[in-house]
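Student: With chain F held as given, fit chain E onto it using these hints.
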Amino acid sequence: MNLHRSTILALAVAASLSAPCLRAALAQEQEVPPPPQRWSFAGPFGLYDPGQLQRGFKIYREVCSTCHGLKLLAFRNLADPGGAGFSEAQAEAIAAGFQVTDGPNDQGQMFQRPGRLADRFPPPFPNDQAARAALGGALPPDMSDLAKARSYERGFPWFIFDAITQYQEEGPDYIHAILNGYENPPAGFTLPPGAEYNKYFPGHAIGMPKPLSDGQVEYTDGTPTTVDQYGRDVAAFLAWASEPKLDERKRLGFQVFVYLIVLTGLLYFTKKRIWHEVKHQPELTEPRPPTEYRRS
Amino acid sequence: MSGHSIYEPQNSIIQWLERRLPVASLVYSSFIVYPTPRNLNYWWTFGAILSFMLGVQIITGIVLAMHYTPHVDFAFDSVETIMRDVNYGWLLRYLHANGASFFFVAVYAHIARGMYYGSYKEPREVLWILGVILFLLMVVTGFMGYVLPWGQMSFWAATVITNLFSAFPIVGDPIVTWLWGGYAVGNPTLNRFYSLHYLLPFVIAGVVVLHVWALHVVGQNNPTGVEPKTEKDTVAFTPYATLKDAFFIGVFCLFLVWFVFYIPNYLGHSDNYIPANPSQTPTHIVPEWYYLPFYAILRAIPSKLFGVIALGGSIVLLAFLPWLDTSRVRSANYRPLYRQFLLIFFLVVIGLGYLGSKPPEGGYVIAGRILTVYYFAFLLIILPLLGLFEKTKPLPNSISEAVLRVGVPLGASAPPPSGGWA
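Chains F and E, in that order, give the protein sequences.
Reminder that position 164 of the first sequence reads as 164 in the numbering used here, one-by-one numbering, no gaps.
Reminder that position 188 of the second sequence reads as 188 in the numbering used here, one-by-one numbering, no gaps.
So that you can see chain F by itself, here it is in the shape it has in the complex (with noise of 0.2 Å):
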């Protein structure tokens, strides 16, 4: 009764008092949310596909490599497992195919050489200034954590949901829908010299030109050459690649939430049994050392 009364006189005062809030949230909503996509590595038991995460490199090698590094990994990186399911000998030849800056050799000079397993994937520009001049001033950021360092805004009551279910794929959605949103600008809007319009790019000028269009990079799988799944695929890549142990992480969760589940429910009838004396016998109390302890 108690219970009830000031609940209910809690969540009228919560409730009055949320109005206004929800009304500036309602006026604030113009940004677009990217469309959710289904992903191989979402949910409790989710993996990496590795014939994704292929395309996606090739993506990544072909186009993305121009103008964004990936410098937080290295070519053995390929080769892990969990990952893109490259073998050593593919990674090895992988990475034989960029240059990397080595040195100083006995003459003090720095040389390039072919990339090894042990390299990081070198940088497509010397330094960030390097990288404005050439681009009209834009800076690609380095792609190795773009998947976790983008998000959009979920908003209540969603943030609560994703807790349950799980869903922590909004950079990758975000990706997709970046590399799916360039549009013609809406009547007067009016873009910046050297930008273009891309629906889900918060304030919808981005530096970016269309960097994806159909047909542009060959699949030998049969998979279709749209924009839609270039997105997709390379995606995933950059999933993996700010995630690269999410297979593992996954696999041991498993088996830490079964043993858990196993020792706390042994834990609860422990207690239950050792409780249950105290509550069906209240005058027998006496405090006695566990050595001592028998079921009565």
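I should point out that these hints are in silico values taken from the structure, not numbers from a laboratory.
Among the hints, a few may not be true.
Result set (EDC-like, lysine to aspartate or glutamate): computed pairs, CA atoms no more than 20 Å apart in a straight line [said to hold, decoys possible]:
#, chain 1, residue 1, chain 2, residue 2
1, F, Lys245, E, Asp85
2, F, Lys250, F, Asp106
3, F, Lys71, E, Asp85
4, F, Lys58, F, Glu218
5, F, Lys250, E, Asp85
Predicted, not measured: the structure shown is a model, and the values here were computed from it.
Tutor: Then chain E, alone, in the frame of chain F:
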């Protein structure tokens, strides 16, 4: 206290040690035969959960420190190296980051329990004040830890929070320069935050010892707020409390593990995966979720100086609860009005947390001000007055009586009970 049996070790080595340093009998009297009220509910397990979490944070933190580089040029990459190349580094870091969040979940539950059952009242004032000090230490430690990965939110949170001190006239700016170790947040700032972030957990551990010591002097409060009177009212710490705590630590860990393994970045901010950039301010600078209520209070007040004072006051006032609350009845179960005002207070704090995550504009500011007024009005006006005017329900004569739901009511002003006590 009652129920203590004399400790007589059988083992000759322990006997030898007992005559020189009676550590075994200390453990025996504090954690085995120590009498705890028999009617404690699961809200009383958060103390054990907090000790457990402190241990988790210290252990994961020490290993993380072996791989971390406190330098503005390397900090971000060294954290990424931990995530990518250190064996189980991802697990250590996600445990530590989510562990901090769950540490605060537990401390908020612990504080809320203390407020609901009046655990701060005589003779537990010092115990309570030590708890507020622990909470303050946790806030400082957590903030400094958040700065260490040196992402965008790390850097800008450090900038915003240290800048708060500049609100104070005359001494403000020198204090900020002194905190930074320079004229902007930079490498000296990161170095000292790292040093303090390593130091403070051990300070916390020290104050926890005092907190537990004080607890064992005055004994635990309980849901009735009536002190244990006879041995019937208590059970031995081991196995009763030990097992109950262990079980609930297991339940708590299930939640922690859910976050660590399945949604490890849910509680973080995506901007913190962008390396710190002093020349680019993020669109919204938001602290970690556990500071949001206090952040909302800070922003609700138009003047920066008074905002900072309100922010500090909102925590420091908690230390004065034993004197702000004038009622002699402890448990909210027997204080119908206090119970309702307190539940609204809890909702207000949650509401402030929501508002703290929103940009300071329009309706959010107005709502933030209303809730801030309630926060302080509850502590400074409602609490002192309630004790004078509230008609409390009759208290049970003893804990056993409350458990057995029989007995004659105590309390002069109260009418006789019309039903059960619950």
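Student: Lys250/F and Asp106/F were given as a pair; does the straight-line alpha-carbon distance stay at or below 20 Å?
Tutor: violated, 48 Å
Student: Hinted pair, alpha-carbon criterion (20 Å max): Lys58/F, Glu218/F. Please report holds or violated.
Tutor: holds, 9 Å
Student: Check whether the Cα positions of Lys71/F and Asp85/E lie no farther apart than 20 Å.
Tutor: OK: Lys71/F and Asp85/E at ~14 Å, within 20 Å.
Student: Holds or violated: Lys250/F and Asp85/E, Cα atoms, limit 20 Å.
Tutor: holds, 18 Å
Student: Do the alpha carbons of Lys245/F and Asp85/E lie within 20 Å of each other, as the hint requires?
Tutor: Judged against 20 Å, a Cα distance of about 10 Å means the pair holds.
Violation of the numbered hints given earlier is confined to hint 2; every other hint is satisfied by the structure.
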